[in-house]
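**Q** Each chain, written out:
Protein chains: 2
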Amino acid sequence: MSGPEKMSGVLSPVVTPFNADLSADAGRLVRQCRWLLSQNCGLAIFGTNSEANSLSAEEKIDLLDALVDAGLDTGRMMPGTGACAIPDTVRLTSHAVKLGCGGVLMLPPFYYKGVSDEGLFRGYSEVIQRVGDSNLKVYLYHFPQVSQVPISLDLIERLLKEYPDTVVGIKDSSGDWSNMEAMLKRFPGFAMFPGNETVLLKSMQNGGAGCISATANINPGAIAALAANWQSPDAQAMQDKMNDLRQMMQQFPMIPALKAAIAHYSGDTDWEYVRPPLVELTLEQKTEMLAELDKRGFAMPGLAEAQAV
Amino acid sequence: MSGPEKMSGVLSPVVTPFNADLSADAGRLVRQCRWLLSQNCGLAIFGTNSEANSLSAEEKIDLLDALVDAGLDTGRMMPGTGACAIPDTVRLTSHAVKLGCGGVLMLPPFYYKGVSDEGLFRGYSEVIQRVGDSNLKVYLYHFPQVSQVPISLDLIERLLKEYPDTVVGIKDSSGDWSNMEAMLKRFPGFAMFPGNETVLLKSMQNGGAGCISATANINPGAIAALAANWQSPDAQAMQDKMNDLRQMMQQFPMIPALKAAIAHYSGDTDWEYVRPPLVELTLEQKTEMLAELDKRGFAMPGLAEAQAV
Chain A
6 MSGPEKMSGV LSPVVTPFNA DLSADAGRLV RQCRWLLSQN CGLAIFGTNS
56 EANSLSAEEK IDLLDALVDA GLDTGRMMPG TGACAIPDTV RLTSHAVKLG
106 CGGVLMLPPF YYKGVSDEGL FRGYSEVIQR VGDSNLKVYL YHFPQVSQVP
156 ISLDLIERLL KEYPDTVVGI KDSSGDWSNM EAMLKRFPGF AMFPGNETVL
206 LKSMQNGGAG CISATANINP GAIAALAANW QSPDAQAMQD KMNDLRQMMQ
256 QFPMIPALKA AIAHYSGDTD WEYVRPPLVE LTLEQKTEML AELDKRGFAM
306 PGLAEAQAV
Chain B
6 MSGPEKMSGV LSPVVTPFNA DLSADAGRLV RQCRWLLSQN CGLAIFGTNS
56 EANSLSAEEK IDLLDALVDA GLDTGRMMPG TGACAIPDTV RLTSHAVKLG
106 CGGVLMLPPF YYKGVSDEGL FRGYSEVIQR VGDSNLKVYL YHFPQVSQVP
156 ISLDLIERLL KEYPDTVVGI KDSSGDWSNM EAMLKRFPGF AMFPGNETVL
206 LKSMQNGGAG CISATANINP GAIAALAANW QSPDAQAMQD KMNDLRQMMQ
256 QFPMIPALKA AIAHYSGDTD WEYVRPPLVE LTLEQKTEML AELDKRGFAM
306 PGLAEAQAV
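The listed protein sequences derive, respectively, from chains A and B. Letter 43 of the first sequence, counting from 1, is numbered 48 in the numbering used here, and no numbers are missing. Letter 200 of the second sequence, counting from 1, is numbered 205 in the numbering used here, and no numbers are missing.
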């Protein structure tokens, strides 16, 4: 296989910091990514939790350039590049490959619903052929609850057959373990990242690649430690502890909740800004969430220092 | 009220012609739009049937410029400008307003599902304020089956209260007459366009503004005639005849079916190209559809001449 190695371990779909005028803040993003790397956590920037589809292609290119200019390791970057329009997907993907990103996470075109596997195959093919670079490593993005456009096992099989050196993995955010298990069995060597750390141990035991999870924005160290030590005797205890945190966080709207936690632990309330159609947590929600975190002795070690300018 | 008059009558969500390499073909689009105007049909370019979300913002701007450069009446244009990312929506909307478009048709941001009315209100507000032009006339776009992000009556009420001179109408593609009827009753003067001509007569009888319908791509003259003559004695017969055509067309995937019909009646097979994730009709589907059209003595008067270069 040519090009970058397959990616593995834990990646964070890094939340995107905004200013009061809702412009993206590259400086804070760079610092956040540096902190995540220090926690042994890779950078799945421009994911669902990054509000990536609320950013224009130009904004994403500028932010990616800022991360690279800051000297962060592009091998640990898996930017989301899948858009509704093929020209946008090609533009962002080509840029990511040119910069040396370890991979890209690619949503299918998600405006039209009920589309055929043939249409999705053609969409991915068109992008891969236009980018035309052996360094391109595509991780498919299966998130039927949000994209409403599922990626079937038959589609994966067809893509793997046609592009074995390019289509190398998937993020499965369906929450459906039976789908993840089926992929692990049917496609040995295909890098399967669950979109949720509650199945991390089970996934590693069955040949999974790691995970790409919302909560890795706030709990990266613990999740990365389990991915690295899943064969250790206390792996189940580690899993149980992070499940408790995840389940608590899931009681709140996830993206604003992650941002409110980062705002609190970094001491920078600007982190709370989200772009419409999302809204920030209510004061009541925020108070409740922070109390729950406090009750668990939760901390984000080194974050305040990393974010201090 | 300042700025353009409210739009009315029948508009076509104009299908976008592609070349074999899937690039957009501005020349054919200009000629198609000219033909539609000759049939008394306005131009809701960049709608769902236009594969607008399969076009980049740059492509849409270039196509709109081509229509304006060709001297077509911008007052009859209602380009779709709603994207997932506010910067894209603002960019396209500002451009349309600057060119003098009679209105814009604005999808809500459609990636995130289950979002609140508050979040959608903020999204529309942000766009309206950033565009900041009294000539902006927004037609909301309610299409829950595809966007999966419905526009509630309460959201409309709030937008009308805050932006009475800007938010002036809606396209309702839900197919749910009770929703359309509720809007006509609750918001007098609000321009309600059903997304389907099968309720055109009923809609006109209840104060509707016209319709914006897929099939207006191939049957514009008949639909426009009913909108103009809904009080005539043979209105119901006109309605029945177009319903029959619509119901037949709905047996096929609509966008490729419209394009196959235009290809056939213009004599230019390049019209059949669609962008992934859509696929063209199978030969069997095309043959069946053309036989059904033929059985009805269907024609697209003047199309071949209009498209001849």
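What the hints contain is simulated information worked out from the structure, not anything from laboratory work. Since the model is a prediction, treat every value here as computed from it, not as a measurement. Ideal Cβ positions, reconstructed from N, Cα and C, are used throughout, including at glycine. Wrong hints could be hidden among the right ones.
Each computed DSS-like pair below joins lysine-lysine, with the alpha-carbon atoms no more than 27 Å apart [said to hold, decoys possible]:
1) A:Lys11 x A:Lys291
2) B:Lys118 x A:Lys118
3) A:Lys103 x A:Lys166
4) B:Lys291 x B:Lys246
5) B:Lys118 x A:Lys291
6) B:Lys291 x A:Lys118
7) B:Lys300 x B:Lys246
8) B:Lys103 x B:Lys190
9) A:Lys11 x A:Lys118
Estimated spans, in silico, between C-beta atoms of each pair [to be verified]:
10) A:Ser43 x B:Ala187: 51 to 61 Å
11) A:Lys207 x B:Lys11: 50 to 60 Å
12) B:Gly302 x A:Ser121: 28 to 38 Å
**Q** Take the hints in turn and mark each one as holding or not.
**A** Do the hints match the structure? See the list:
no.	hint	verdict
1	A:Lys11 x A:Lys291	38 Å, violated
2	B:Lys118 x A:Lys118	14 Å, holds
3	A:Lys103 x A:Lys166	25 Å, holds
4	B:Lys291 x B:Lys246	22 Å, holds
5	B:Lys118 x A:Lys291	22 Å, holds
6	B:Lys291 x A:Lys118	22 Å, holds
7	B:Lys300 x B:Lys246	13 Å, holds
8	B:Lys103 x B:Lys190	33 Å, violated
9	A:Lys11 x A:Lys118	31 Å, violated
10	A:Ser43 x B:Ala187: 51 to 61 Å	55 Å, holds
11	A:Lys207 x B:Lys11: 50 to 60 Å	58 Å, holds
12	B:Gly302 x A:Ser121: 28 to 38 Å	32 Å, holds
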